[in-house]
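Undergrad: Listed below are the residues making up each chain.
Number of protein chains: 4
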Amino acid sequence: MRTFEEYVERLKKMRPNVYMGGQLVDRMNPAFQPGIKTIGLTFTLPEEDEKLKEMTYVKSHLTGKTINRFTHIHQCEEDLLTKQEMTRLYCHKAGRCIQRCMGVDVMNALSVVTKDIDNVHGTEYHQRFNKYLEWYQENDIIGNCAQTDVKGDRSKRPHQQVDPDLYLRVVEKKEDGIIISGAKAHNTIAPYADEIIAVPTRAMKSEDKDWAVACAVPADAEGLYLITVAHNQRDRKHFPAPIGDTGGAHSITVYDNVFVPWERVFMCGETEFAGQLAALFATYHRHSYTGCKPAISDILMGTAALVSEYNGIGKASHVRDKLADYIAVAELVYSAGIAAGLKSRKAASGTQVPNVIYTNVGRYHAGVHIYEEYEILADLAGGLAATLPREEDFVNPITKPYLDKYIMRNPKVSSDKIQLCYRLVENLIASAPGAAAQISGIHGGGSPIMEKIAINGTYDMESKKAIAKYLAGIED
Amino acid sequence: MRTFEEYVERLKKMRPNVYMGGQLVDRMNPAFQPGIKTIGLTFTLPEEDEKLKEMTYVKSHLTGKTINRFTHIHQCEEDLLTKQEMTRLYCHKAGRCIQRCMGVDVMNALSVVTKDIDNVHGTEYHQRFNKYLEWYQENDIIGNCAQTDVKGDRSKRPHQQVDPDLYLRVVEKKEDGIIISGAKAHNTIAPYADEIIAVPTRAMKSEDKDWAVACAVPADAEGLYLITVAHNQRDRKHFPAPIGDTGGAHSITVYDNVFVPWERVFMCGETEFAGQLAALFATYHRHSYTGCKPAISDILMGTAALVSEYNGIGKASHVRDKLADYIAVAELVYSAGIAAGLKSRKAASGTQVPNVIYTNVGRYHAGVHIYEEYEILADLAGGLAATLPREEDFVNPITKPYLDKYIMRNPKVSSDKIQLCYRLVENLIASAPGAAAQISGIHGGGSPIMEKIAINGTYDMESKKAIAKYLAGIED
Amino acid sequence: MRTFEEYVERLKKMRPNVYMGGQLVDRMNPAFQPGIKTIGLTFTLPEEDEKLKEMTYVKSHLTGKTINRFTHIHQCEEDLLTKQEMTRLYCHKAGRCIQRCMGVDVMNALSVVTKDIDNVHGTEYHQRFNKYLEWYQENDIIGNCAQTDVKGDRSKRPHQQVDPDLYLRVVEKKEDGIIISGAKAHNTIAPYADEIIAVPTRAMKSEDKDWAVACAVPADAEGLYLITVAHNQRDRKHFPAPIGDTGGAHSITVYDNVFVPWERVFMCGETEFAGQLAALFATYHRHSYTGCKPAISDILMGTAALVSEYNGIGKASHVRDKLADYIAVAELVYSAGIAAGLKSRKAASGTQVPNVIYTNVGRYHAGVHIYEEYEILADLAGGLAATLPREEDFVNPITKPYLDKYIMRNPKVSSDKIQLCYRLVENLIASAPGAAAQISGIHGGGSPIMEKIAINGTYDMESKKAIAKYLAGIED
Amino acid sequence: MRTFEEYVERLKKMRPNVYMGGQLVDRMNPAFQPGIKTIGLTFTLPEEDEKLKEMTYVKSHLTGKTINRFTHIHQCEEDLLTKQEMTRLYCHKAGRCIQRCMGVDVMNALSVVTKDIDNVHGTEYHQRFNKYLEWYQENDIIGNCAQTDVKGDRSKRPHQQVDPDLYLRVVEKKEDGIIISGAKAHNTIAPYADEIIAVPTRAMKSEDKDWAVACAVPADAEGLYLITVAHNQRDRKHFPAPIGDTGGAHSITVYDNVFVPWERVFMCGETEFAGQLAALFATYHRHSYTGCKPAISDILMGTAALVSEYNGIGKASHVRDKLADYIAVAELVYSAGIAAGLKSRKAASGTQVPNVIYTNVGRYHAGVHIYEEYEILADLAGGLAATLPREEDFVNPITKPYLDKYIMRNPKVSSDKIQLCYRLVENLIASAPGAAAQISGIHGGGSPIMEKIAINGTYDMESKKAIAKYLAGIED
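Residue numbers (my numbering), protein chains in the order written: chain W, 1 to 476; chain V, 1 to 476; chain R, 1 to 476; chain L, 1 to 476.
The reader is advised that the hints may include incorrect statements.
In this list, chains with the same sequence are indistinguishable; a pair is considered to hold if it fits within one copy or across any two.
Each computed DSS-like pair below joins lysine-lysine, with the alpha-carbon atoms no more than 30 angstroms apart [to be verified]:
#1 K343 x K53
#2 K412 x K209
#3 K417 x K315
#4 K469 x K405
#5 K346 x K156
#6 K53 x K315
#7 K315 x K59
#8 K51 x K346
#9 K343 x K237
These are calculated hints, taken from the structure and not from any lab test.
Model the full structure from these sequences, guided by the hints.
TA: If you want it as structure tokens, here you go:
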């Protein structure tokens, strides 16, 4: 396994193909440091925390070697349950999304679908994938999953678009590989990932053959352009805190005639499996949300409890009532993930797949409550979340005594603690990344409407109608 | 195990002590038939349905004999998971609450607490309880749990009430047993139960010693008065249907100096265990709700899906959207029950106890959505739910042709089917028992506010505040 | 104006054409007495209450004579505001829907549309209508509005239905009038109304000419069949109360070749006005809801406040919080009605028409909160709402002392008061009419989805997009 | 009246007492320009827009001269209705809170209370106030209302605090004026206001005499320190737009022994009026919210409608459904303001006071829906709101062609328009000021809990209980 330093060293050596704010920027640009530090926790925390070590280090089913669970293919219920719990714990430390789950989620989805395709078509995708997987595990790779095509006219299918590149497609098949063009949107972590792994974003029909493609490329591949944006907090110079260190960045990833050798191509034209692969990555990723979203709830509820305590209203009935609302959201979502793990199934490849219904009701519940969870913290913290002066004013000798004097509440809690607490609140709910987190809280891993579609598409409603008919005395 | 007929025969032989509508009535009164038939399903269905047979029949850990799971003490996670699933399936057939869960729930709670008391006080409650349990299992008993005291002034504790009987209490201790007086409210199934098993309704302090009592008495014990009420639907003469056969009845159970022999007394003055017993019954009963409430959702959603299909709007997006809402409620509640089973613990007695947090967030979620679930069906069914003529008008030769003609929607669905479907809707949402079911959907097993209290009382909020402090950079 | 007795006398003389429970029944059938008494309040209350007298008695704009406002055509903003307030006050006394609003609402809609048709077609509907109106006002008529056709296949328009009668239609035009056939559903008050006034239920196109019909017939017209149903509470013999006296009944009204003389025909084939008339009745009726629904909220909140006080929790923070929720719903809906009155417009006929948007957002808000309002009362009242023994048990000398003893809470509130209070709660939320009231609370005057359609159809969204474009710097 | 230029000139001349980011900064600091430009609209728009001119220019009741309505004392219902509508229109142009309402709101509150105090105490506050008002109107002043004290321990009253300055207080009374110390929080517009007008934040008792103070000081008064913070968007260099020009800033305003001459003191020790003044400013300010909050809804709904149209889903049923939700919120809140205007009362001073209940239910409804409104836009806009590259990347010749190509949806809508539309979305919901706007949407003018307290405190719940008793047959 790698160290954090080795991960950073590799980033430094990559070909510059990252753009931001009108410029070609270095991967070591300060805007990406919070993201890099967040990913870094997956390397460093197992060495610091015994429980996380136990959860993170796991034996590869391929090689028997010890690997990081963020590169592991789930083999049993327990694996899914552990991944869920581990995700929650990492997010506690990051103060937000740990970001590395998307790599393990796409790898698991590919492990299943490559096998299924082979079983139908006699292809060799699964063997190819396993070879890639071995390298991926061995090198402790950070993988970005590039799923969402830019999609152009939403009412048209890939082959119907005015511009064929609006979905990623195979432009040419060559002896040694394929040439692909198009763009994938909302690629969080892309600017500090090792690999970009593309999968389809939707079900396809036979006319969409050229668009049914899944493959992996290095993040600095020739022809690949990462046009990025980061929403970062103000730097913490005077009052450092873990919440100030982490963050993320997003990329629109443009493939301009990128060459991919066959050994990195995992689907190429098997349109009937495009929908399955899209759905399977979504299922794995939504199952990860049943771990990370409770962590976000934990952070928001802990902050809400703390700020209420500092304000002297920690035992007020409306505060306790709202804290219980947080608990209910967090633990229902977590329950759904547990149920999805317990009621999981084994795919032909041997990979364990979470139950689709429980996974989706869990992610759905998280998505429709995210704004409410922010609202509760805003409600309990009060206006100071939005009007807290900057940390420099707490240092300036003219304003410091005034701020220290007037920020006081309970005389037993120092002004520094109150400031730090409200700084955390500001970071969480009154900052650009806080605002962006609400949005990704809805849309990440699929919007609520996508989960409803997944639920409606797979639920056995006929059996429920049969119950109604039985009770009504209706015979068909 | 008993047959349905044996159960009924035993009821017939009981001393008349049931009052309703100003009269002393027979236990065979037509108003109780729906309740008796509902309980009857727990005797008859295992003989008709292989899956239910497998779930219902279980080996007693005491005697090794085959017993009905509704009398079983849970020994492992699997037992809890099976009870949950079994409850869901029985409720599908009853079209409502199967009612027998309260007996098994109180027995499990007693199995735990009698042991815990013995361990502290050196008493012999557990042995006594096991003897009672053996008889209970052997005779396949229907037990009513009498928990809720009438409580008088809600702001006062038992010993502070103007009238000491406002909580059930020990009036006298004798050599062979105790004399108790008081009343327990909301005792569903009492008029057709074999046994009434009383447990405390709240935590108590040392001054409340006389009120800390748990014991079992036959439902026709001397001095016991059942003052009952039933909300029943109109009889179904012309168009019978299973939903028309089942129902329930409730009792205010008055204990007027009832004698209880020591072998049926399971707590007597150990005030420090009163709260634990109250909470433990609630936990088991709420865990049962994670099985029955999804069943109610199943029935409502199946009916909503059916009536929408009959009305030709089954595929409309707002219909599918609302059906997904049902699924989300049902499966989140069910997930919570699964998680509570998986994360359960073993008590000193060997009894398996569901996780308190998951149990309560599940029951809470069910309780706060019950009215919404009725609302969705009302919304999708439309006004005919409330204005459907009575079945006799569908038979009267003058009105029948008009009703048959004008109730038609899709020509492929007969007018009879539409009438039956809407009759089911009427029974579910436009009838007195339907209205009462909404109320018990909130309050049964404890009101939402009680679950929030249970959640707040047991959740580890300190660890969440510690996360917030860590992220904020606050050191204590 | 009539007296209550004259109204009843007229009902007694009508031709028997009312069916219920498989039989041809008398209009004096006990099942209709609650409805008759409810309507009766509009005759008797003005004589008992000065404020209601002032609001109810108004000068006819046609004849200058004093009439009941429930027969008045609104001439100014003040008329609309008074109707709204008056409706709220009458419902307080009825304990539910006062039911007579539908008559005045359809008359106002007809006053507008008959004029508009005449202006386009040179017909004489408005003059005809005014003559009918004069008689209607002079005789203080109770009018039922029959709007909702049974509609058959909801995806088909009237002329596309398999059976042409699934929407009410003109079968034949004769020199002296028309023959109509079809059926109208959900006709509350029909069994105790003087007149049935039919209007279209939807917009129509030229092929639907035969179905574009509006006309009035006596409730006992030849060929008219009222197939009725009533959801009534148990009789109150021992503890009478106003809530026990009122109620309602509904009819599916079948027109089997009913003759209507021309002077009672107000639209016949002018398809382009069908939608307008349908919408206009809906607007007036929804505006009435901005008066009656706050009254329902008042009743529920008053009951919730009373039962909480009796239970000794009247000042608990969660109780006050929920009472404020009631207030917010009631007064927002009422505000919307006020705004609709203030921003009303004058039609060509001189009739004042409430603002469509404010009316619809008000009715919509009421509709989507009705279940929640019932839920709050159920929540605060507790399970006794569903398990209260029948009043006879409070009289039976054996059970009475027990019930009186055990229903006590605060020693200063007598057991009779507590019983009466809970009997009211039972009537409101744990009875068949209570359940049906929830459903009509959603669907009466149009379901929430219909109000959203009305809102979307009339709101000026283009101006809002223009604001967005301006702020974004987008020029078209 | 002033011009925008005169307003700016006056700001330039003020004594530097504004701190930000650790430094003493100029009032012309770029961080304040968005706020200054927002306020500027109240000077410039009447000259550009006929409708706004008509609404804004009004005759002073004091002097008969034409003044800006933002300095006017409301004399009649119409004044309140016009202020409400005008506020909505100004906010449309600002793309956010117009900010100047707080000045007119506090002036109206003072006009009422100064008179009421005089009537009781024979003081001369009202005359003094009118003199100040005349100057204020004549000079077209921008007034900041400083209400919220920092409050220290929330469970203690002013005189009980450890530090007496935690509520603003009179340190010394002198012949020519008073000396005050303390601090007021959340003072939006303070850094670009002419005047700071302090009023109490709560009801007080006799021991709190020194804290019952209301007075006006210039924003650059000796001893006054403005410690400020601004949440601004990134500068718009390449694609300017009105939304990029406006904004705001907040101040914690510290009074360190500030001298206030008697002619600017409007309350000094009359504790029994402190609560009334606090509540009255809140009422006026919440009534302003019934104008501005619908404007925020208009902006969000217009943007949601536009982005949906650009994405080709403008007519999808779920989109129309959500747009109707916006309309319902906006128009219900607006209705409440209309009702509050129509049901307003005249104070002893002649000032028109909005109805408290309607005002509060309106503001409450706005406050509890603000997060939901942001959520809908986030839901409909999708993830690009959070991942849109910066405008420089749309100019850089390497990335521009890619972004233009891949941002395309409907070929009829140019990539520039799509970018501008999403930039607006980003500004509204994925930026620091967007996040802060959610928080002020809850807390501005008082948090939802404060409105509930105001509602509960003034609603006539006894009359509702009387309705319940009447219906139940309960006689007192």
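Undergrad: Using 30 angstroms as the alpha-carbon threshold, which applies to K417 and K315: within, between, both, or neither?
TA: The answer is within: 20 angstroms in one copy meets 30 angstroms, while 35 angstroms across copies does not.
Undergrad: Are the CA atoms of K469 and K405 at most 30 angstroms apart within a copy, between copies, both, or neither?
TA: between (70 angstroms within a copy, 22 angstroms between copies)
Undergrad: With 30 angstroms as the alpha-carbon cut-off, assign the pair K315 and K59 to within, between, both or neither.
TA: Neither, since 47 angstroms and 47 angstroms both go past 30 angstroms.
Undergrad: Is it within, between, both, or neither for K346 and K156, if the alpha carbons may be no more than 30 angstroms apart?
TA: Answer is neither: 35 angstroms inside a copy and 47 angstroms across each miss the 30 angstroms cutoff.
Undergrad: Under a CA distance limit of 30 angstroms, which applies to K53 and K315: within one copy, between copies, both, or neither?
TA: Intra 37 angstroms, inter 50 angstroms, cutoff 30 angstroms: neither.
Undergrad: At most 30 angstroms between C-alpha atoms: does K412 with K209 qualify within a copy, between copies, both, or neither?
TA: Intra 68 angstroms, inter 27 angstroms, cutoff 30 angstroms: inter-copy only.
Undergrad: Reference check for the pair K343 and K53, CA-CA at most 30 angstroms: within, between, both, or neither?
TA: both (26 angstroms within a copy, 22 angstroms between copies)
Undergrad: For the identical chains here, do K343 and K237 meet the 30 angstroms Cα criterion within one copy, between copies, both, or neither?
TA: Result: close neither inside a copy nor across copies, 48 angstroms intra and 44 angstroms inter.
Undergrad: When Cα atoms must be at most 30 angstroms apart, do K51 and K346 count as within-copy, between-copy, both, or neither?
TA: both (27 angstroms within a copy, 24 angstroms between copies)
The structure shown violates the earlier hints numbered 5, 6, 7 and 9.
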